[in-house]
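Sequences and hints are given; from them, build the entire structure.
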Amino acid sequence: MIEVITIDFWNTLFDSSGGTVRNDMRRKALLAAIEKYGKLVSNEEFDRALRASWEHFNGIWRNEMRTPKVIDSVSFFWNYLELPQDEFAIQALANYFAESVILHPPKLIDGVENQLIKLSKKYKIGLISDTGFSPGAVLKRLMERVGIAQYFSAFSFSDETGVSKPHPTAYLRVLNELGVKPENALHIGDIEATDIAGAKQLGMKAIRFCGDETGAHFAASDGNTLADAEAIHWHEIGDIIENLQATV
Numbered sequence: 090m091i092e093v094i095t096i097d098f099w100n101t102l103f104d105s106s107g108g109t110v111r112n113d114m115r116r117k118a119l120l121a122a123i124e125k126y127g128k129l130v131s132n133e134e135f136d137r138a139l140r141a142s143w144e145h146f147n148g149i150w151r152n153e154m155r156t157p158k159v160i161d162s163v164s165f166f167w168n169y170l171e172l173p174q175d176e177f178a179i180q181a182l183a184n185y186f187a188e189s190v191i192l193h194p195p196k197l198i199d200g201v202e203n204q205l206i207k208l209s210k211k212y213k214i215g216l217i218s219d220t221g222f223s224p225g226a227v228l229k230r231l232m233e234r235v236g237i238a239q240y241f242s243a244f245s246f247s248d249e250t251g252v253s254k255p256h257p258t259a260y261l262r263v264l265n266e267l268g269v270k271p272e273n274a275l276h277i278g279d280i281e282a283t284d285i286a287g288a289k290q291l292g293m294k295a296i297r298f299c300g301d302e303t304g305a306h307f308a309a310s311d312g313n314t315l316a317d318a319e320a321i322h323w324h325e326i327g328d329i330i331e332n333l334q335a336t337v
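Mind the numbering: the sequence shown is residues 90 to 337 in this note's numbering, read in order.
Hint data in this document are derived by calculation from the structure and do not stem from the laboratory. A quick note: this is a predicted structure, and the numbers were derived from the prediction, not measured. All the pointers check out, no bait thrown in.
Estimated spans, in silico, between C-beta atoms of each pair:
no.	residue 1	residue 2	range
1	177	235	30 to 38 Å
2	177	270	40 to 48 Å
3	282	141	19 to 27 Å
4	202	173	43 to 51 Å
Backbone N, C-alpha and C fix where the C-beta goes; we use that ideal spot for every residue, glycine too.
Put into structure tokens, the structure is as follows:
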């Protein structure tokens, strides 16, 4: 029987709205820091460094199943532009990058809170999230701010566990804390190669959420998934879980 439900953060609970504003804020902060050293950086050089930084991040995320911490990503960018070493400036930028998601937050996806209220009465709920510029501690504050953190009993953030999905530890951190075996748990997430593949490899049930087109890894529902089911709207989730529960 399903006893625990784990849920992804980005593009499953929250959309990616505000991302353009957040990135623009980070860009301005970086340029302001660079100007202090009297170094002229053209737009082309800046964009090249930014692309290289994301390639560095994605390479580690995909190949090593972990996510660099915010300060590591900022340090990579800093070194790429061959700026003078300044630990204080790098740390200040990393803090600013992390907090920008609070200043310009994404939106809670329609139907999430209503379903969390219902599901939390029947199941224990955990969060499993890979993190980028927004660390787990900040994402948890965002959840508290919108009033949904109360429905979660355990959290697994990649910047805290040292691994990202589909690594088994990303899931087991929550399952072990809640005292359940993988076969008694279900994961909801949007990315086939991480959320779904990792859950299914452990023996969990899985629902692929295909309802947020703002996601960088968005893929429409086409039936080509390892997941036990797909959902486009959160109001479908409760019934899908009940149906899966009946087949266990």
